[in-house]
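Can you build the whole structure from these sequences, using the hints too?
So the sequences go chain by chain: C and H. The first sequence begins at 1 in this note's numbering and counts up one residue at a time. The second sequence begins at 1 in this note's numbering and counts up one residue at a time.
Check each hint, because a few of them may be wrong.
Just so you know, same-sequence chains aren't split out, so a pair can sit in one copy or run between any two.
Pairs of lysine to any residue residues, derived as SDA-like cross-links and limited to a Cα-Cα distance of at most 20 Å, are as follows [said to hold, decoys possible]: (1) K115 with R127; (2) K130 with R97; (3) K130 with G109; (4) K115 with V63.
Keep in mind that the hints were calculated from the coordinates and are not lab data. Computed from a predicted model, the values in this text were never measured in an experiment.
Each chain, letter by letter, is given below.
Protein chains: 2
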Amino acid sequence: MSPDLVTQLKTAGIQPSAQRLAVADYVLTTDAHPSADEVLAQVQGNFPMLSRATVYNTLNLFVEKGLLRQLVLAEGRTVFDPRLGPHHHFIDDETGRIEDVPWDSLRVGDVRGLKGYEVREYMVVMRGRKLGGSRVQGRSANPVKKR
Amino acid sequence: MSPDLVTQLKTAGIQPSAQRLAVADYVLTTDAHPSADEVLAQVQGNFPMLSRATVYNTLNLFVEKGLLRQLVLAEGRTVFDPRLGPHHHFIDDETGRIEDVPWDSLRVGDVRGLKGYEVREYMVVMRGRKLGGSRVQGRSANPVKKR
DNA sequence: TCGATTTCTGGATTAAGTCTAAACTCGAAA
DNA sequence: TTTCGAGTTTAGACTTAATCCAGAAATCGA
Ligand SMILES: [Mn+2]
Ligand SMILES: [Mn+2]
Ligand SMILES: [Zn+2]
Ligand SMILES: [Zn+2]
Chain C
1 MSPDLVTQLK
11 TAGIQPSAQR
21 LAVADYVLTT
31 DAHPSADEVL
41 AQVQGNFPML
51 SRATVYNTLN
61 LFVEKGLLRQ
71 LVLAEGRTVF
81 DPRLGPHHHF
91 IDDETGRIED
101 VPWDSLRVGD
111 VRGLKGYEVR
121 EYMVVMRGRK
131 LGGSRVQGRS
141 ANPVKKR
Chain H
1 MSPDLVTQLK
11 TAGIQPSAQR
21 LAVADYVLTT
31 DAHPSADEVL
41 AQVQGNFPML
51 SRATVYNTLN
61 LFVEKGLLRQ
71 LVLAEGRTVF
81 DPRLGPHHHF
91 IDDETGRIED
101 VPWDSLRVGD
111 VRGLKGYEVR
121 EYMVVMRGRK
131 LGGSRVQGRS
141 ANPVKKR
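Spelled out as structure tokens, the structure:
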């Protein structure tokens, strides 16, 4: 859809094919942190002839080219995050949903000054309950915790 | 080996069988963050008749009974951590090795005061290079990053 | 237009982890 | 002692996210 998606891919050195644009249109603009399977399901909605292999290929390519971050925060769920800037993450105990927490909402001490380490990046990972429930509860995506 | 391992298991409500003690003797005392397979390899050293299923059963039991924490920080690696108290983690980019960073070495802002969330636990996850190399480099366990 | 290159695909494969059903252990009752 | 049964252990089957592969399809360049 978006005309600058083409530009964004080209700029990253990626050939903007139809499949890649379809994947990009979802995964580069979503507010969620979808897994590969969720990307597949989502994109196949308006692009039914899309194979699983292509989704994985494309996601890995986007990560490699720096358009996407790959996050592994919870058991058995690798997810993708289009927000490249530094931010923290909150994981809901019940739903498994991952939410972004603005960088500036938490001051972390002198990480870079840690003796013996050259820290390239860091984030605070929080787990707990989301408050202010009552709301429609959102479409709860991840059943989480099968045990 | 340790006589109080028996006590520790009993206290947690776990029958201290030979296999469980062998696993406990390694995983509850290690400074590393081993995966299930690393636990298996390690323990089979002095306890060759130990099955993969028992290792998984035992590790899951220990997690369930609160003797062990399960961490998922990196691609395709679920590891176990016997240090129950709060602490942070540093992950070496090259080796994938996970190191503990003392809780007090980093001051994190008012996490508990975050509006809209009831944070049960949190940690800072750092990635980068370990400095002061030259040393024997330790037995580098995890090749990491196959891509 | 046509060969070369890249992209895409279904199906096979891999590998971490779980599940199952049978075998084994061991203390206590008979 | 024997027997019994609850709990433990095991090999191997199974599940599933992810990768690999080799041919088909699309795209590109001259
Ligand atoms: Mn588990
Ligand atoms: Mn895998
Ligand atoms: Zn994020
Ligand atoms: Zn740790």
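Against the structure, the hints:
| no. | hint | result |
| --- | --- | --- |
| 1 | K115 with R127 | between (27 Å within a copy, 14 Å between copies) |
| 2 | K130 with R97 | within (10 Å within a copy, 32 Å between copies) |
| 3 | K130 with G109 | between (25 Å within a copy, 19 Å between copies) |
| 4 | K115 with V63 | neither (30 Å within a copy, 32 Å between copies) |
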